[in-house]
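S.K.: So you can see what is in the structure, the chains are spelled out below.
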Amino acid sequence: MSQLLLDVNGLTMQFGGLKAVNNVSLYVKNRQIVSIIGPNGAGKTTVFNCLSGFYIPTAGSVMFKGNDIAGLKDFEISRQGLVRTFQHVRLFSNMTVIENMLVAQHRHLNTSLLSGLFKTPSYRRLEQEAMERAVYWLKEVDLLDSANRESGNLSYGQQRRLEIARCMVTQPELLMLDEPAAGLNPNETKELDELIIKLRDEHEISILLIEHDMGLVMGISDHIYVIAQGTPLADGNADEIKNNPDVIKAYLGES
Amino acid sequence: MGKLYNAIFSAGITFVLACLMIGVKLDTDGATLGVTGATPEQWAWIFGGIALVFFSQLFSDQIDAAFRKIPKPQVSHLIPVGDKMTQLKPWLMAGVFVCMVIWPFMVSRGSVDLATLALIYIMLGLGLNIVVGLAGLLDLGYVAFYAVGAYTYALLSQYFGLSFWVCLPISAGMAALFGFILGFPVLRLRGDYLAIVTLGFGEIIRILLNNWTAVTGGPNGISGIAKPTLFGMEFSRKSKEGSTLFHEFFGIDYSSSHKVIFLYLIAVVLVAFVIYVINRLMRMPIGRAWEALREDEIACRSLGLNRTAIKLSAFTIGASTAGFAGSFFAARQGFISPESFTFIESAIILAIVVLGGMGSQIGIILAAIIMTILPELAREFSEYRMLLFGLTMVLMMRWRPQGLVPMKRPVLELK
Ligand SMILES: Nc1ncnc2c1ncn2[C@@H]1O[C@H](COP(=O)(O)OP(=O)(O)O)[C@@H](O)[C@H]1O
Ligand SMILES: [Mg+2]
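In the order they appear, the protein sequences are chains A and B.
Residue numbers for the first sequence follow the numbering used here, beginning at 3 and rising by one.
Residue numbers for the second sequence follow the numbering used here, beginning at 3 and rising by one.
If we strip away everything but chain B, and leave its shape as in the complex, we get:
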């Protein structure tokens, strides 16, 4: 009975929403505004959709059971445990790193470029994971810190001619500062309230960048941002004023793929750095405090843990990672505008964290790769990108709510 009620209710909501969004359209006809209904074909689709919602709600138990039957990859069995792992780990890491470095020389420029993008999302996912997965704070405006990092580098480079390598730590620091300033008043809020405030903050930053035309160039953005250099060597065909060029220095022919590969390698190094730092943090007192705070805030308070300071540290470190990624993003694109930092970016990064399995680094890396490569593979569906995105989330939550690779904490052992 409850099922039937639920199904009717959901179908009703679908009907109302579909009628409003697809069923009627406003058309400007000269100076008059006319209302046109949907075509019969569209109505057929709408009713098909409503029927789908109705039946999937009605038979949700059976559907859930079917989902549960789909085998789940048991990744944890593949990972050796205990002593064997500690022996293997350095070799494994070194192997992965070497592959990552050799791989770009064997594939096309486009693939390397896509891989660089994936690495940026890995960085963002890992950073947001500190805030959401480890400290349990829902941040819906993470893209704001990404924007701060990107604009910090773009502006410093444009106005003061500072190089990428100088700006990288400055951008991270700037994003951290913004995280700190926002976090200080906001982290007293819990759960949903925090999510709303951070969502608002993300929008404020984007609107600020959009309207502060004198400094940020407004909607036109900033173009011609300098690319990173290798010990002062540039990767362009012709040097500007007497700076050394990479291909001249090494006496090889100019190739535009050098630059792409160089950017990719920087991204690899940055990601490796971020992974190292996060791994250390998780094993440090601060990492344990995040975990403890997520489990039982009241117990933490009674033991003398300052919860505001601990949450603030997670928020700030997460923000600085986004700043890192942001300045690299600006350097790679050479052009940024507020368009690149809309809410949908925050949503994608959050989806990476949730799909990957909150707190799990391997899961997040996998999810980030999937989320960047899938849209490329499914180019012809690009109109339905958001729809597919939503569908993937729903299916994942039904099939494996804990994410691709559920988190395994590094457990401290007493010897």
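In isolation and in its complexed conformation, chain A is listed as follows:
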């Protein structure tokens, strides 16, 4: 068996008296789409925050590509190739689409100040490459026509796609999406579905997905984890989850 891309064991996050995440373990292999589902307030976003370094977990280990990343700074983790989106769109809304894509490549463009001030050839080349990568990914998410528009003026669906493109341009190996389909219409959801599958099959990355849209989750996930009130409830493939009595009870009890 190949090495696990992400290997989370016994992850716990405590806020005062509240255990928002309690002893969660999850695994992601290369080129897999793995989903986390659970009722609102179950602690899904908190798991993301722990994995991406926004919170330092109270306990547990997070191994990414064989290295322990629990406790590393957020920007160090994303530089290792683990990048996330947020439940609410977080674009640089006063900047244009292409500028959003360039900011994301900041560390690839991080040349010395002097070479930038004097526009040395090596600086120009790096900038050119960054531009080409940006154009490539804008094409992939069908936003190239809007490249010079202010990102705050895009439609909601376009903003969601830009967010994914902005992550992809950093060349991640694991992309974590927090409710990417929330607020999308059925058409846009279908496009998102196709995009996620394309990312896995053509770009060979893995995706960890939090989503409420069961149609989307059941259709594309290689593996599904269910958590309720911070605690793991079940895991398995779509069919196993659909027929799991605990899961059915948790969801019916909630809604």
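It is possible that some hints are incorrect.
Stated by the list, open to error - Using C-beta positions, here's what the derived DEER-type ranges look like:
hint: 1; chain 1: A; residue 1: 141; chain 2: B; residue 2: 404; range: 31 to 41 Å
hint: 2; chain 1: A; residue 1: 137; chain 2: B; residue 2: 271; range: 31 to 41 Å
hint: 3; chain 1: A; residue 1: 137; chain 2: B; residue 2: 274; range: 34 to 44 Å
hint: 4; chain 1: A; residue 1: 150; chain 2: B; residue 2: 94; range: 55 to 65 Å
hint: 5; chain 1: B; residue 1: 63; chain 2: A; residue 2: 120; range: 46 to 56 Å
hint: 6; chain 1: A; residue 1: 123; chain 2: B; residue 2: 98; range: 27 to 37 Å
hint: 7; chain 1: B; residue 1: 195; chain 2: A; residue 2: 242; range: 49 to 59 Å
Quick caveat, the hints were computed from the structure, so don't treat them as lab data.
Glycine residues also receive a C-beta, built at the ideal position from the N, C-alpha and C atoms.
Fit chain B with the ligands to the given chain A structure using the hints.
M.R.: Below, chain B with the ligands alone, put in the same frame as chain A:
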């Protein structure tokens, strides 16, 4: 109802403050301390002021509406856009530069001197603009870096006899170093906390300069700081030990205005340099990162941007600009003391940035000119300088909160 409450509250505060500050005075009468009340005339002024505060609060909506009706200059329409701008820009810049160079030969010495001062404030405003306007970090102790630059040149010149041109980059570097050392622990703080710490830092530097008498001369300051030279030529009437004099070299009569004009020209060149650097920075990845960090710090972190390093770069570059201005200031004055670097200087520079329109370079240049020339024009009001200053700020914030010329970002276009 809320309006009335607000008005009464504000009037009450005005009353308490006025009573404490103007209403009663402590007088030493020999060895005894006596309390004297204000004169009836002063009381009349105090109550007039309270009435003004009361009614302006009560009718603040109407007043705001009236302010909104005052026409605002639409500067952005005057600036041509797109291709026309890219064609015109080099000519425009060259024209402005030539005017700046020719102008001092046609006006009085005093005007040139004032213009030099304005240029120093332009430099300071542009530098602080990097920190406040572009990176969004509120720095209330900016004058500290100005002081570091000035003292670096003064001390190096006095103790080691180094020339202005050698010290200029050293001063900038020294100020940058101080910015780095202060910024490293402090930039984790946000907003108000950062403002307080930088405010404290500004005071610490001033007090240090004031008390480290052995090196800095304490409150007496440092005098006789060498003036800049032109390729080693001095601008004085008599040479010291065998150095060439400017007027002798060119075989013209000595004139004290040569020196003033020379200093002015140096300031023009320094400002042009600073403007060029900042313009490049704004178009470089680092400039975009400042902007992005101001808009959404969390998104930046998730994309692998090291926010401490990015903020630190803004802080350091801003500080080095102040160091630049500081060493030039020391050279121009020939004399510096801690008096020149009080908090009020920081406040004026910040006011320039805010009045000009945060982030906007043209706005800041305008504001810096206004802030240096207005006090000169209103000499007879010099006692009320701070009062006028406050009033201008209040009126500006009512009329045009986004500043004289609101910022327009250089937008990167995909061709
Ligand atoms: N920073 C925090 N401080 C305190 N409680 C938090 C914090 N972040 C999340 N929580 C709590 O953790 C629980 C899980 O929240 P969250 O992870 O956002 O749920 P989900 O994303 O599954 O809807 C909630 O009860 C929430 O109030
Ligand atoms: Mg959530």
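S.K.: Tell me the numbers of any earlier hints that the structure contravenes, in ascending order.
M.R.: Structure breaks hint 4 only.
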